[in-house]
Amino acid sequence: MSEAATSVNPGLTQPLLAKRTSRRWLFSAILTTAIVALPVLSVIFLAFFPDENIWPHLLETTLPRYLVTTLKLMIGVGAITLVIGLSTAWAVTMCEFPGRKFFEWAMLLPFAVPAYVIAYVYTSLLDYAGPVQVALRDLFGWANAADYWFPEIRSLEGATLMIGLVLYPYVYLLARAAFLEQSPSLFAVSRSLGHSALSTFFKVVLPIARPAVAVGLSLVLMETLNDFGTVDFFAVQTLTAGLFDTWMNLGNLGGAAQIATTMLVFVVILVTLERYSRRRQQQFAARDNRDPIRRFTMSFPRQLICVAVCAVPVILGFVIPGVTLGVYAWEYFDESWNPDFVHNTFNSLFLSGTAALTTLLIGVTLAYSRRLHNTRGMQVLMRLSSLGYAMPGAVLAVGVIVPLAGFDNWLDSLMRDYFGFSTGLLLSGSAFAIVFAYTVRFLAVSAGSVESALQKITPSMDMASRSLGNSPGKTLVKVHLPMLRGTLITAALVVFVDCMKELPATLILRPFNFETLATYVYQFASDERLYHSALPALIIVLAGIVPIILMSRSISNTRSMA
Amino acid sequence: MRMKLAATAAIALTALPLAAAADGEVNIYSYRQAYLLEPLLNAFEKETGIKSNVVFAKQGLAERLEREGRNSPADVVMTVDISRLNELVERDLVQGVDNDVLEKNIPENLRHPDGKWFGLTTRARLIYTSKERVEEGEITTYEQLADDKWENRICTRSGKHPYNIALISSMIAHHGEAETETWLAGVKNNLARKPQGGDRDQIKAISEGVCDVSIGNSYYYGNMLQDESQRPAAEAVRLVFPNADGRGTHINISGISLTKSAPNKDNAIKLMEFLSSPEAQGIYATANTEYPANSNVTPTGLVAEWGKIHPDSLSLQVIAENRNAAVKLVDRVDYDGE
Numbered sequence: 001m002s003e004a005a006t007s008v009n010p011g012l013t014q015p016l017l018a019k020r021t022s023r024r025w026l027f028s029a030i031l032t033t034a035i036v037a038l039p040v041l042s043v044i045f046l047a048f049f050p051d052e053n054i055w056p057h058l059l060e061t062t063l064p065r066y067l068v069t070t071l072k073l074m075i076g077v078g079a080i081t082l083v084i085g086l087s088t089a090w091a092v093t094m095c096e097f098p099g100r101k102f103f104e105w106a107m108l109l110p111f112a113v114p115a116y117v118i119a120y121v122y123t124s125l126l127d128y129a130g131p132v133q134v135a136l137r138d139l140f141g142w143a144n145a146a147d148y149w150f151p152e153i154r155s156l157e158g159a160t161l162m163i164g165l166v167l168y169p170y171v172y173l174l175a176r177a178a179f180l181e182q183s184p185s186l187f188a189v190s191r192s193l194g195h196s197a198l199s200t201f202f203k204v205v206l207p208i209a210r211p212a213v214a215v216g217l218s219l220v221l222m223e224t225l226n227d228f229g230t231v232d233f234f235a236v237q238t239l240t241a242g243l244f245d246t247w248m249n250l251g252n253l254g255g256a257a258q259i260a261t262t263m264l265v266f267v268v269i270l271v272t273l274e275r276y277s278r279r280r281q282q283q284f285a286a287r288d289n290r291d292p293i294r295r296f297t298m299s300f301p302r303q304l305i306c307v308a309v310c311a312v313p314v315i316l317g318f319v320i321p322g323v324t325l326g327v328y329a330w331e332y333f334d335e336s337w338n339p340d341f342v343h344n345t346f347n348s349l350f351l352s353g354t355a356a357l358t359t360l361l362i363g364v365t366l367a368y369s370r371r372l373h374n375t376r377g378m379q380v381l382m383r384l385s386s387l388g389y390a391m392p393g394a395v396l397a398v399g400v401i402v403p404l405a406g407f408d409n410w411l412d413s414l415m416r417d418y419f420g421f422s423t424g425l426l427l428s429g430s431a432f433a434i435v436f437a438y439t440v441r442f443l444a445v446s447a448g449s450v451e452s453a454l455q456k457i458t459p460s461m462d463m464a465s466r467s468l469g470n471s472p473g474k475t476l477v478k479v480h481l482p483m484l485r486g487t488l489i490t491a492a493l494v495v496f497v498d499c500m501k502e503l504p505a506t507l508i509l510r511p512f513n514f515e516t517l518a519t520y521v522y523q524f525a526s527d528e529r530l531y532h533s534a535l536p537a538l539i540i541v542l543a544g545i546v547p548i549i550l551m552s553r554s555i556s557n558t559r560s561m562a
Numbered sequence: 001m002r003m004k005l006a007a008t009a010a011i012a013l014t015a016l017p018l019a020a021a022a023d024g025e026v027n028i029y030s031y032r033q034a035y036l037l038e039p040l041l042n043a044f045e046k047e048t049g050i051k052s053n054v055v056f057a058k059q060g061l062a063e064r065l066e067r068e069g070r071n072s073p074a075d076v077v078m079t080v081d082i083s084r085l086n087e088l089v090e091r092d093l094v095q096g097v098d099n100d101v102l103e104k105n106i107p108e109n110l111r112h113p114d115g116k117w118f119g120l121t122t123r124a125r126l127i128y129t130s131k132e133r134v135e136e137g138e139i140t141t142y143e144q145l146a147d148d149k150w151e152n153r154i155c156t157r158s159g160k161h162p163y164n165i166a167l168i169s170s171m172i173a174h175h176g177e178a179e180t181e182t183w184l185a186g187v188k189n190n191l192a193r194k195p196q197g198g199d200r201d202q203i204k205a206i207s208e209g210v211c212d213v214s215i216g217n218s219y220y221y222g223n224m225l226q227d228e229s230q231r232p233a234a235e236a237v238r239l240v241f242p243n244a245d246g247r248g249t250h251i252n253i254s255g256i257s258l259t260k261s262a263p264n265k266d267n268a269i270k271l272m273e274f275l276s277s278p279e280a281q282g283i284y285a286t287a288n289t290e291y292p293a294n295s296n297v298t299p300t301g302l303v304a305e306w307g308k309i310h311p312d313s314l315s316l317q318v319i320a321e322n323r324n325a326a327v328k329l330v331d332r333v334d335y336d337g338e
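Sequence lines, in order, name chains W and X. At position 111 of the first sequence the residue is numbered 111 (the numbering used here), and the sequence of numbers has no breaks. At position 315 of the second sequence the residue is numbered 315 (the numbering used here), and the sequence of numbers has no breaks.
So here's chain W without its partners, still in its complex pose:
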């Protein structure tokens, strides 16, 4: 059935090329990729110089367990995010029920909650001294932990749930955008051919949305693979735990880089397999956006089910953590309140904003260059530029330091030798280093979504514009960017929220006396007293809400705008 919307590639490559101008695009794509790939390449480079060979010891002891735990975690989180993300995206797009408009954007709220914060909140609620167990003991007259069984939140299952709850918005966001872009007539045709709504969903809707869902899911899985905060807090031993153990306890950075590189290879294989499996698909939307979506009208019980399906993730992923933080912030207000707040908030907003714009600019450059030069080489470039997301933040930070400090010291020596003055460290230890790290880390998010949106614009648009004498650049600005507006805003805002939450790279790379909201929260959380920083934690969450609402509106507008 999916052939209905896919057609054979009509030849994106040659007709779009006007040799001289598009060579500029190719050149800038190669240059950007080279710069962006530097940190990842540095880590791979470090992997060649381990202090000792870690593998015999790892293989003999913990590696099997790390691998199994990591796989379980990834499968669990993948399943949770797919189920929640797809079902809620489908519900708010296609069904009419009370509160639908509210849930359209509310589904995204958990995205604003950092995983390490939600993990902390649920631990404090569900552990022995927390309100839930206290109430149960009072109710049943139990004396202590030996008297009853209670699920352990600090477990693999707990970590899976926590990470799943804050990451499902990736899948939701991309799936919903994809559902909205689909022409309702496809759905109608399928139904008229005798498919039920459910079977249409699996046979028509999902296959067409697959590239977008795949991007969302791969972001989820990469983030899961690299999570350290939550799994460390919950004592869940994943590969990342092994990596940090090798680095910090054995002092073997090279060995740690080897583990990171192995994880990277794993991710690349995963992503390649997914792409390979739909290599023959090519979709161009016959965008008939004036045709409004006719939502299902449903019986009251079914409407209730829709409300429940949407409400549960939001309550668990946002309302409960938000309210708990609010209560702590109120109780510990005096400890929490700090005049540096405004400053820290500004730092967070400034860095995240700059990084969001940078990633967007680079993402568009790369994706559009790929459109102009649809060669295997360009595909490799695209993948290479997105690898930063597949590496734990702290490791990537070291990968950032290596080339930046190398460049600074090289320039400094040059200046000292020839001009007799020292330039010192220009880039490393500055806010530039942090923005660079954010860009490298989150480029996958923006480049991925721009690329998949760009693929849906039929090449005849380019041809029309170019045959009217517009250069590739002008075509981009006049034709593609306006059509991509929703995607661009979404991509920038996702990156923005991600940067607001980013912690490990910021910690390592920041200048002196420099705090973002996340690092400020972390210094208390890492000392087992997060309640002292409930207020800034709450602000991270609140600061994420505004872009989320904007984001959701821009997606809804994609239909009405056209």
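Rather than coming from a laboratory, the hints here were simulated on the basis of the structure. Wrong hints could be hidden among the right ones.
Stated by the list, open to error - Over the 12 Å line for every Cβ pair with chain X, so calculated as not near, a few chain W residues:
{"no.": "1", "residue": "M74"}
{"no.": "2", "residue": "V236"}
{"no.": "3", "residue": "P403"}
{"no.": "4", "residue": "Y522"}
Stated by the list, open to error - What the simulated footprint calls covered on chain X by chain W, stretch by stretch (three residues with Cβ under 8 Å from a Cβ of chain W suffice, anywhere in the stretch; the number is not a length):
{"no.": "5", "segment": "157 to 164"}
{"no.": "6", "segment": "324 to 333"}
Cβ coordinates follow ideal geometry from the N, Cα and C atoms, glycine included.
Knowing the structure of chain W, use the given hints to seat chain X on it.
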């Protein structure tokens, strides 16, 4: 156009943290949370007029220092564990300090022979027992943690945590690797639950009846007593200073090193002197209930109540050297496993 924008942004970004080599400043890379240092650094500034700048991170600071090389702005590195200090020496990132004040204030066993690091506080690794379910004197040594009688009654944090690694390193130094492995397997066998959380969480677990015995640093207990919501948990446990009648209780240090490239060397040494002075040592003891390294300083409050500690005289250097063996041992007995 785009180039111009990028250039402007780059300049703005690099200019933002205009710092750090100006006169009257000292730059600190710290493995310890900045807010814990604040009272000390404020007192230092008040006394000398020298302003301190801090970067705090738990990972990657050594790598940053190494890559920044001779241009690194960092003057000193502050750590919470001997193995980090030792790592700085091994990677040749720090320089020796030959200074009378420091040598007078810090006893010889708490500093590097060539002055490449100085201990500022010591923290004892204690055993906590339930006041209700464990008799006083029922357990008095680390070795006894492996006794069968504690089966299913012990809680600890991850065996990989630097504080536990240092304890295991000291066991290796005293008993050899094979015997320590048997011991650690015995402790693992006695665990009531998979290692998790921090040292405070183990004290809480005792008060909750999950287990009866735990291991933890001395100051966590002190800090819990100072926090109203955590005090009841702390009051449910008794402190045991292990091996007090024998070789002494295992201790670790928090310390400071002067970097090789230190651009503000004089200020950095002033800071080191200050931190070893009675005034600063007193702040450490009262604010974070740690033992002062300066033996001329009489601690106040809780630390004074605990009385004089009998520390294990084992060289910290040896503890640092046994680190890798200890880490691998933890893996071999699968201490953190289910």
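State whether the coverage of the segment 157 to 164 of chain X by chain W holds or is violated, taking the criterion as 3 or more residues with Cβ-Cβ distances under 8 Å. holds (count 3)
Looking at M74 of chain W again, its CB stays over 12 Å from all of chain X? holds, 19 Å
Closer than 8 Å, Cβ to Cβ, for at least three residues: run that test on the segment 324 to 333 of chain X against chain W and report holds or violated. That given contact holds, which follows from 5 residues of the segment 324 to 333 of chain X lying within Cβ reach (below 8 Å) of chain W.
Closest CB-CB distance from Y522 of chain W to chain X, is it above 12 Å? violated, 9 Å
Would the non-interface assignment of V236 of chain W survive a Cβ cutoff of 12 Å against chain X? violated, 9 Å
Hey, does P403 of chain W actually stay past 12 Å from chain X on C-beta? Violated, since 9 Å does not exceed 12 Å.
Of the hints listed earlier, those the structure fails to meet are numbers 2, 3 and 4, in rising order.
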